[in-house]
Amino acid sequence: ELKVEQNPLFLSMQEGKNYTIYCNYSTTSDRLYWYRQDPGKSLESLFVLLSNGAVKQEGRLMASLDTKARLSTLHITAAVHDLSATYFCAVDGNRDDKIIFGKGTRLHILP
Amino acid sequence: EAQVTQNPRYLITVTGKKLTVTCSQNMNHEYMSWYRQDPGLGLRQIYYSMNVEVTDKGDVPEGYKVSRKEKRNFPLILESPSPNQTSLYFCASSPHRVNEQFFGPGTRLTVL
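Going down the list, the protein sequences come from chains A and B.
For the first sequence, this note's numbering assigns the number 1434 to the initial residue and increments by one for each residue that follows.
For the second sequence, this note's numbering assigns the number 437 to the initial residue and increments by one for each residue that follows.
In short, the hints are calculated from the structure, not lab data.
These figures come from a predicted structure and were not determined experimentally.
It is possible that some hints are incorrect.
[As the list claims (entries may be wrong)] Okay, the calculated bits of chain B under chain A, using three or more residues with CB under 8 Å as the criterion: (1) 474-481; (2) 490-502; (3) 527-535; (4) 538-547.
[Claimed, not checked] Lysine to any residue pairs mimicking SDA-like chemistry, simulated, CA-CA at most 20 Å apart: (5) A:K1474 with B:P541; (6) B:K507 with A:D1530; (7) A:K1531 with B:R445; (8) A:K1536 with B:N520; (9) A:K1531 with B:D495; (10) A:K1501 with B:N520; (11) A:K1450 with B:K507; (12) A:K1531 with B:D474; (13) A:K1536 with B:L524; (14) A:K1531 with B:P511; (15) A:K1474 with B:R445; (16) B:K493 with A:G1526; (17) A:K1536 with B:P511.
For each residue, glycine too, the CB sits at the ideal point set by N, CA and C.
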């Protein structure tokens, strides 16, 4: 059974700092997605990672995928307040068509 | 405008009263899915559909039904709602399974 674990679940950090959110999953998969959710809003797609070693960058966010380690990271560079949100990773299991989400990382960036 | 719509956006109902939450997308997407979001549990997949007339159970299907008679619509049916189905529900679609999903605005359901 595919399980997806994110950590940390809560993160409070200051503007200008760097940090990384981790997403571990339990079974083989080479398809991983990152989403952002603002308070009271729906989810929007950030990155789609479809192969081992995939790296995607958008502004201050960079996501990578290591399928051998079953690990994806979302790195935040020089955080700004606008990046405050909850970030979810989601994994597409190879053996079935289900998509399993992590519990989310609530990121609070202090000015 | 390309979008996923859900109705109603808010619903308060009582235990046992059948209800349907509609979901529609105008992007000709093949894959559609329903999720529920609960505090501390993230999003959990209820049902998904790979295409018309093809549906399958997600992680938490108990107490829910779906149908996919047309490509654009994917309604979620609660035949006999119970208080533990109080939650925030999201519908999502994608061109095919291996792709980012586009989410609807959400439906906040309260079952008394």
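Outcome of the hint check:
1. Figure legend: the region 474-481 of chain B, annotated as covered by chain A; annotation consistent (6 residues with Cβ-Cβ distances under 8 Å, at least 3 required).
2. Under a criterion of three residues with beta carbons nearer than 8 Å to beta carbons of chain A, the stated coverage of the region 490-502 of chain B is upheld, 3 such residues being counted.
3. Against chain A, the region 527-535 of chain B contributes 4 residues with a C-beta closer than 8 Å to a partner C-beta. That satisfies the three-residue criterion, and the hint holds.
4. Only residues whose C-beta sits within less than 8 Å of a C-beta in chain A count toward coverage, and the region 538-547 of chain B has 5 of them, enough to reach three; the restraint holds.
5. In summary, the hint linking A:K1474 to B:P541 is supported, as the alpha carbons are separated by about 7 Å, within the 20 Å threshold.
6. With a C-alpha separation of about 18 Å, the suggested pairing of B:K507 with A:D1530 holds against the 20 Å cut-off.
7. About 25 Å separates the Cα atoms of A:K1531 and B:R445, which puts this hinted pair outside 20 Å; it is violated.
8. A threshold of 20 Å between alpha carbons decides the hint, and for A:K1536 with B:N520 the separation of about 19 Å falls inside it, so the pair holds.
9. Restraint check for A:K1531 and B:D495: the C-alpha separation of about 8 Å stays at or below 20 Å, so the hint holds.
10. A C-alpha spacing of about 38 Å is found between A:K1501 and B:N520, which places the hinted pair above 20 Å, so the restraint is violated.
11. Using a Cα cut-off of 20 Å, the hinted pair A:K1450 and B:K507 is violated, with the two alpha carbons roughly 45 Å apart.
12. Distance check on the hinted pair: A:K1531 and B:D474 sit about 18 Å apart at the alpha-carbon level, within 20 Å; holds.
13. Restraint check: the Cα-Cα separation between A:K1536 and B:L524 comes to about 15 Å, which is no more than 20 Å; the hinted pair holds.
14. Using a Cα cut-off of 20 Å, the hinted pair A:K1531 and B:P511 holds, with the two alpha carbons roughly 18 Å apart.
15. Between the alpha carbons of A:K1474 and B:R445 the distance comes to roughly 12 Å, so the proposed pair stays at or under 20 Å and holds.
16. Among the hinted pairs, B:K493 with A:G1526 is consistent with the structure: their alpha-carbon atoms are about 14 Å apart, no more than 20 Å.
17. A C-alpha spacing of about 25 Å is found between A:K1536 and B:P511, which places the hinted pair above 20 Å, so the restraint is violated.
Taken one by one, the earlier hints fail for this structure at numbers 7, 10, 11 and 17, listed in ascending order.
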